[in-house]
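Enquirer: Just so you know, the sequences run in chain order A and B. Here our numbering is used: the first sequence runs in plain steps of one and ends on residue 372. Here our numbering is used: the second sequence runs in plain steps of one and ends on residue 1276.
These aren't lab readings, by the way, just hints derived from the structure by calculation. Any given hint could be a false lead.
[Stated by the list, open to error] Coverage of chain A stretches by chain B, computed from C-beta distances (three or more under 8 Å per stretch; other residues unrestricted): (1) 86-96; (2) 194-201; (3) 204-218; (4) 272-281.
[Stated by the list, open to error] What follows is a list of derived Cβ distance ranges for each label pair: (5) Asp125/A x Ala1164/B: 31 to 37 Å; (6) Leu1081/B x Lys70/A: 33 to 39 Å; (7) Pro1045/B x Pro12/A: 26 to 32 Å; (8) Arg68/A x Val1058/B: 35 to 41 Å; (9) Asp183/A x Arg1057/B: 44 to 50 Å; (10) Glu117/A x Arg1068/B: 52 to 58 Å; (11) Pro252/A x Pro1122/B: 55 to 61 Å; (12) Glu71/A x Ile1042/B: 45 to 51 Å; (13) Lys70/A x Tyr1217/B: 46 to 52 Å; (14) Ile1042/B x Asp235/A: 58 to 64 Å; (15) Pro1045/B x Ser37/A: 18 to 24 Å; (16) Arg1068/B x Pro36/A: 55 to 61 Å.
We put the CB at the ideal spot given by N, CA and C, even for glycine.
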Amino acid sequence: MIVFDGVTKRYPGGTVAVDNLSLVAPNGKITVLVGPSGCGKTTSLRMVNRMIRPTSGTITLDGRDTARMKESDLRRGMGYVIQHAGLFPHRTVLENIGTVPRLLGWDRRRTDARAHELMEQVGLDEVFASRYPSQLSGGQQQRVGVARALAADPPVLLMDEPFSAVDPVVREQLQDEFLRLQDELGKTILFVTHDIDEAIKLGDQIAVLRVGGVLAQLADPAYLLNHPVDDFVADFVGRDRGYRALSFQPTPRLPLRPERTLLIGETTQGVAQDWALVVDDANHPLGWVEPRRVTGEIRSEMLHRGGTVARASGPLRGALDAALSSPSRRGVIVDDSGSLVGTVQAHEVLNAIEEAARPEVADPTNPGAPAR
Amino acid sequence: MINDVASWLLDPAHWTGPDGVPARTWEHIWYSGVSLLIASLIAVPAGLLIGHTGRGRVVAVNLAGAARAVPSLGLLFIMVLFLGPRLSGDAASLWPSLIVLIVLAIPPILSGAYAGVEGVDPAARDAARGMGMTGWEVLSRVEVPCALPLIFSGLRSAALQVVATATIAAIVGIGGLGRLLIDGQAIRDFPQMVSGALLVAVLALLVDLALAGVQRYAVSPGLTGRTTTRGGGRAATDADGTTDADGIPAPGAVFAGEKELAVRREAGKTEPRHNS
Ligand SMILES: Nc1ncnc2c1ncn2[C@@H]1O[C@H](COP(=O)(O)OP(=O)(O)O)[C@@H](O)[C@H]1O
Ligand SMILES: [Mg+2]
Chain A
1 MIVFDGVTKR YPGGTVAVDN LSLVAPNGKI TVLVGPSGCG KTTSLRMVNR
51 MIRPTSGTIT LDGRDTARMK ESDLRRGMGY VIQHAGLFPH RTVLENIGTV
101 PRLLGWDRRR TDARAHELME QVGLDEVFAS RYPSQLSGGQ QQRVGVARAL
151 AADPPVLLMD EPFSAVDPVV REQLQDEFLR LQDELGKTIL FVTHDIDEAI
201 KLGDQIAVLR VGGVLAQLAD PAYLLNHPVD DFVADFVGRD RGYRALSFQP
251 TPRLPLRPER TLLIGETTQG VAQDWALVVD DANHPLGWVE PRRVTGEIRS
301 EMLHRGGTVA RASGPLRGAL DAALSSPSRR GVIVDDSGSL VGTVQAHEVL
351 NAIEEAARPE VADPTNPGAP AR
Chain B
1001 MINDVASWLL DPAHWTGPDG VPARTWEHIW YSGVSLLIAS LIAVPAGLLI
1051 GHTGRGRVVA VNLAGAARAV PSLGLLFIMV LFLGPRLSGD AASLWPSLIV
1101 LIVLAIPPIL SGAYAGVEGV DPAARDAARG MGMTGWEVLS RVEVPCALPL
1151 IFSGLRSAAL QVVATATIAA IVGIGGLGRL LIDGQAIRDF PQMVSGALLV
1201 AVLALLVDLA LAGVQRYAVS PGLTGRTTTR GGGRAATDAD GTTDADGIPA
1251 PGAVFAGEKE LAVRREAGKT EPRHNS
């Protein structure tokens, strides 16, 4: 548990970057610090591992005052991930990941074994072990950065905009994997981002900071979207917040329709619909075709791939988006293994939304309490 | 003329004895090596310290610039006048020569070292500190290895200048290949002078080659881009699942949810995928 108690940081120039911040980051949870640029997120994060020293106030880690701990011990006991990964260019992926274990005096064999294990956990193929950072894409570098932070299995992770320098598709993928990893590992995580969507997706609780380093609101995502405390927070969480709130409503039983499917290489003879769904051998959706326009066999390049697919067990937002983005207006729903289970139309999703209860929110008299 | 030089060089008599080519070359290497070593012992730590702390940069730049502007010959005579009476025998000529060479070698080595450290990716340095490296560990494990290419280029440029300039030791009466030039001039033996100049040039080239060899061995391939020819070619630009190695979108990749599932499957290892 990380506890900020009345923490203030005033830089030599007089800038107050963080103003009397009190905050608890509970064990095993992801606490996100979010806010506009310059609101003191990075400063707050870096005060935890004392890369920056607070001007006043204390930060304790499981009850121990971090100011009284030896800096190198404190930092070796916390994973640290930053925006541009900050990998060591002269070291291979494996060596990068093994940095902290080596600092802690592990022998080579144990370090390498651990590094290989981590590469697997963060989804990096073995072939990357002997590569250098310059040979990796941004997304891969971030994976190495996360693996490196986890190497000595620290209970705490500090992450400063770790996914914001990669393109949106890769970012989403990294976020998903990060959540999966956290499900397994249950670390105490302090995560900084300026992106409210990311905060909502990843946070167990979210601390919204305003410029000047003042905590505006601390709440869980659903509560934050439904009950922003003031105009600043309301504005910051954005105009789409009703739509975003759907992210927290698991899909109820949607009235799924069976869909006539075709395989690549089949002909569309006898298919009367305007749009038909093409799947692969494993019944994974590939894309839509317009039978009228297809003469002969269906080929891969004929597919309209524009639509998203949603998991039946996922939140309502995905199902609605699948319906809205589908060229046939029928949203593709799959099971957890990616196999087609049926399609659903937007009005059916809306009905489901209407019928579902509002998302549960925390006690409004105690906005700090996480609802989940 | 070329024939004269060739026959001078091929004459076995010029390759033996205390003023033969091997002995002179050895002296030359010795002066150059000692000067470079002493210059490195001063300039490398100073440069690393300046780069690491970010302090003293202005002083260093100005000192190095001033040192560059010092005329070697002038300094040599001043040193002989100043040190000559205080030292005896060969040392009276040797040390002035070495000092000139050291002064010559310091600026490139110093700027190479501090520019190398200063140029280290700030994110890498930040990460190193954040992982709990002490200042010394950051310097020795991250900054120095990353600075090596520039440290070497400073060293090599110093070596070229020192080997070329070590000929001046002969002016104050001690050895080295410069003797071929000075003695040759005294007796108007032009083939010998040209041979001497040629040998100095060849030596400089060989020293540079040797240092390049050491550099190749010492500098991580991660910093030089030599990785492309090792270990089976360049990595795919993006193996995050959005693109196959050949750049063709993977089937169904635009189906965002499908991709996400592919990632989950991959993570669950039910379907091995190869990223390269
Ligand atoms: N080293 C520093 N010296 C002086 N001011 C700083 C320093 N670092 C950050 N600041 C100022 O403190 C404020 C908060 O910065 P920062 O914590 O980096 O914000 P964020 O990460 O939220 O963008 C900004 O106004 C910034 O200009
Ligand atoms: Mg920041």
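Enquirer: Could you run down the list of hints and mark each one as holding or not?
Expert: These are the hints, each one checked on the structure:
1. 86-96: Holds: 7 residues of the segment 86-96 of chain A have a Cβ under 8 Å from chain B.
2. 194-201: violated (count 0)
3. 204-218: violated (count 0)
4. 272-281: Coverage by chain B is violated here, the residue count being 1 at a Cβ distance below 8 Å.
5. Asp125/A x Ala1164/B: 31 to 37 Å: With Cβ atoms ~51 Å apart, the hint is violated.
6. Leu1081/B x Lys70/A: 33 to 39 Å: violated (56 Å)
7. Pro1045/B x Pro12/A: 26 to 32 Å: For Pro1045/B and Pro12/A the Cβ distance comes to about 29 Å; the hint holds.
8. Arg68/A x Val1058/B: 35 to 41 Å: holds (38 Å)
9. Asp183/A x Arg1057/B: 44 to 50 Å: holds (49 Å)
10. Glu117/A x Arg1068/B: 52 to 58 Å: At roughly 53 Å between Cβ atoms, Arg1068/B and Glu117/A fall inside 52 to 58 Å, so the hint holds.
11. Pro252/A x Pro1122/B: 55 to 61 Å: The hint (55 to 61 Å, Cβ to Cβ) is violated, given that Pro252/A and Pro1122/B are roughly 50 Å apart.
12. Glu71/A x Ile1042/B: 45 to 51 Å: violated (32 Å)
13. Lys70/A x Tyr1217/B: 46 to 52 Å: violated (37 Å)
14. Ile1042/B x Asp235/A: 58 to 64 Å: holds (59 Å)
15. Pro1045/B x Ser37/A: 18 to 24 Å: violated (40 Å)
16. Arg1068/B x Pro36/A: 55 to 61 Å: The hint (55 to 61 Å, Cβ to Cβ) is violated, given that Arg1068/B and Pro36/A are roughly 49 Å apart.
The structure fails to meet hints 2, 3, 4, 5, 6, 11, 12, 13, 15, 16 from the earlier list, while all remaining hints are met.
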